[in-house]
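> Turn these sequences into a full structure, and let the hints guide you.
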Amino acid sequence: MKAILASGNKHKLEEISAILKDFEYELVTMYDAGLTDFEIIEDGDTFEANSLIKAEAVLKELGVTTLADDSGLEVAYLNGAPGVYSARYAGENATYKDNNKKLLEELAGVEEAKRGAKFVTVITMLFENGDTLVARGEVEGQIITELRGPEGFGYDPLFYVPEYDKTFAEMGSEVKNKISHRANALIELKKLLKEYLSEKN
Numbered sequence: 244m245k246a247i248l249a250s251g252n253k254h255k256l257e258e259i260s261a262i263l264k265d266f267e268y269e270l271v272t273m274y275d276a277g278l279t280d281f282e283i284i285e286d287g288d289t290f291e292a293n294s295l296i297k298a299e300a301v302l303k304e305l306g307v308t309t310l311a312d313d314s315g316l317e318v319a320y321l322n323g324a325p326g327v328y329s330a331r332y333a334g335e336n337a338t339y340k341d342n343n344k345k346l347l348e349e350l351a352g353v354e355e356a357k358r359g360a361k362f363v364t365v366i367t368m369l370f371e372n373g374d375t376l377v378a379r380g381e382v383e384g385q386i387i388t389e390l391r392g393p394e395g396f397g398y399d400p401l402f403y404v405p406e407y408d409k410t411f412a413e414m415g416s417e418v419k420n421k422i423s424h425r426a427n428a429l430i431e432l433k434k435l436l437k438e439y440l441s442e443k444n
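For the sequence shown, our numbering gives the first residue as 244, with consecutive numbering after it.
Please keep in mind that the hints were generated in silico from the structure rather than gathered at the bench.
A couple of the hints might just be wrong.
In the DSSO-like style, the derived pairs of lysine-lysine whose C-alpha atoms are separated by at most 30 Å in a straight line are [as the list claims (entries may be wrong)]:
#, residue 1, residue 2
1, Lys437, Lys421
2, Lys434, Lys361
3, Lys264, Lys434
4, Lys421, Lys345
5, Lys303, Lys245
6, Lys357, Lys421
7, Lys421, Lys434
8, Lys340, Lys357
9, Lys437, Lys361
10, Lys303, Lys264
11, Lys303, Lys437
12, Lys245, Lys443
13, Lys357, Lys409
14, Lys361, Lys340
15, Lys340, Lys409
16, Lys303, Lys421
17, Lys253, Lys409
18, Lys345, Lys361
19, Lys344, Lys421
20, Lys245, Lys437
21, Lys421, Lys264
22, Lys433, Lys253
23, Lys443, Lys264
24, Lys361, Lys409
25, Lys433, Lys361
26, Lys357, Lys345
27, Lys437, Lys264
28, Lys433, Lys421
29, Lys253, Lys434
30, Lys264, Lys253
31, Lys361, Lys253
32, Lys434, Lys245
33, Lys409, Lys345
34, Lys340, Lys253
35, Lys443, Lys303
36, Lys303, Lys409
37, Lys245, Lys421
So, in structure tokens, the structure goes:
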């Protein structure tokens with residue numbers, strides 16, 4: 244069975260393919276399926292809404308089971324911001340550096356106890372018949388006051404996980420990929436898909 248990933252990201256493709264192989268799904272990116280100049284307007288106000296918007300847009304074009312994800316950082320002190328605007332927190336064409344700078348400015352002077360945050364990933368799997376599976380994964384941490392660590396991307400150098408005494412950017416991809424929000428969402432997706440397919444058979 245074929246499924247389409249509503250993204251061109253090869254790293255996401257590898258991660259999600261590893262889960263779907265158990266269920267005999269072959270996953271390809273939407274670029275590989277021919278949707279190269281296809282723009283999706285993500286105007287939802289939740290991760291769930293945006294991942295569904297992406298999945299619906301690609302399913303409508305290709306008519307094949309589609310998976311889409313949406314991720315971001317939620318900071319409790321900022322009432323859940325940057326949230327769905329994580330990638331463009333400091334403006335439309337913001338760099339990782341711009342976004343981190345803005346986040347540090349917004350939290351300037353805020354005490355450690357109030358700097359709790361979580362990374363969230365929501366993966367939506369939309370089938371041709373309209374059935375939908377929604378898997379949410381989270382990982383808790385804190386926003387520290389300065390960038391730490393050479394690895395990762397986005398907010399990773401500011402996202403500190405107390406149990407590991409490291410930021411995402413310090414712990415290396417092998418550890419991060421085991422405990423991350425995306426890893427947790429994938430575990431949930433695997434469980435949901437197993438239940439869904441056993442009900443269908």
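> Sort out which numbered hints this structure fails and list those numbers smallest first.
Of the numbered hints given earlier, those the structure breaks are 16 and 36, listed in rising order.
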